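As given, the protein sequences belong to chains W and P, one line each in that order. Anchor point for the first sequence: position 4 equals 4 in the working numbering, and the numbering is continuous, going up by one each time. Anchor point for the second sequence: position 104 equals 104 in the working numbering, and the numbering is continuous, going up by one each time.
Any given hint might turn out to be false.
[Claimed, not checked] Facing chain W, according to a computed beta carbon distance under 10 Å, are these residues of chain P, among others:
#1 42
#2 94
#3 103
In short, the hints are calculated from the structure, not lab data. All figures in this text were calculated on a predicted structure; none of them were measured in a lab. Cβ coordinates follow ideal geometry from the N, Cα and C atoms, glycine included.
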Amino acid sequence: KQEVTQIPAALSVPEGENLVLNCSFTDSAIYNLQWFRQDPGKGLTSLLLIQSSQREQTSGRLNASLDKSSGRSTLYIAASQPGDSATYLCAVRPKERYQKVTFGIGTKLQVIP
Amino acid sequence: SQTIHQWPATLVQPVGSPLSLECTVEGTSNPNLYWYRQAAGRGLQLLFYSVGIGQISSEVPQNLSASRPQDRQFILSSKKLLLSDSGFYLCAWSAALNEQYFGPGTRLTVT
């Protein structure tokens, strides 16, 4: 059974700092991994999708990496801004077509002005 | 572009009452559709998913049910709500096994 862990559960940083969020998973037989952000009381917004054959994906100030063999992904946020404050979740889709996507509980990020 | 709608946004229902939450997707055809529940401090729990009209798979046995009467419509229902059904319900879609996109969610409080 796939398990997804996100550490730390919460993180507080000053504005402008670069930061890394971690996601680890126990079963390396994945199809893809997706990072989301969730604002309080809102749905999830997709940030980046990494296919199992890829090592990283970039979108603006965000860079996500994937090391399938070690069961780890990181989300790097450059020059953090107060608007980046949200909960960040990672989700792993297995290779087996009809197995479910497994989500981490998320890391709650607060960027202090 | 694709959009996903959920309604209502919030709902307060008494124990034992019925439930109907609706999700619709625009701008795509034959999407995979999902219902998730999110409880505070816990990860998203997959409740149902559908790969086509009338094709529903249940992940968690409970008093909830789902239906897909049209290609881009997904409905979550219950005949009699329990207190434990309270939570944040999210609908999502994906094209096959690709990126998932989520709706705005419905906050359900069972009193």
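Evaluated hints:
Taken as an interface hint, residue 42 of chain P checks out: its beta carbon lies about 7 Å from the nearest beta carbon of chain W, inside 10 Å. The criterion of a C-beta within 10 Å of any C-beta in chain W is met by residue 94 of chain P, whose closest approach is roughly 9 Å, and the hint holds. Of the supplied interface hints, the one on residue 103 of chain P holds, with its beta-carbon coming within about 5 Å of a beta-carbon of chain W, less than 10 Å.
Consistency note: the structure conflicts with none of the earlier hints.
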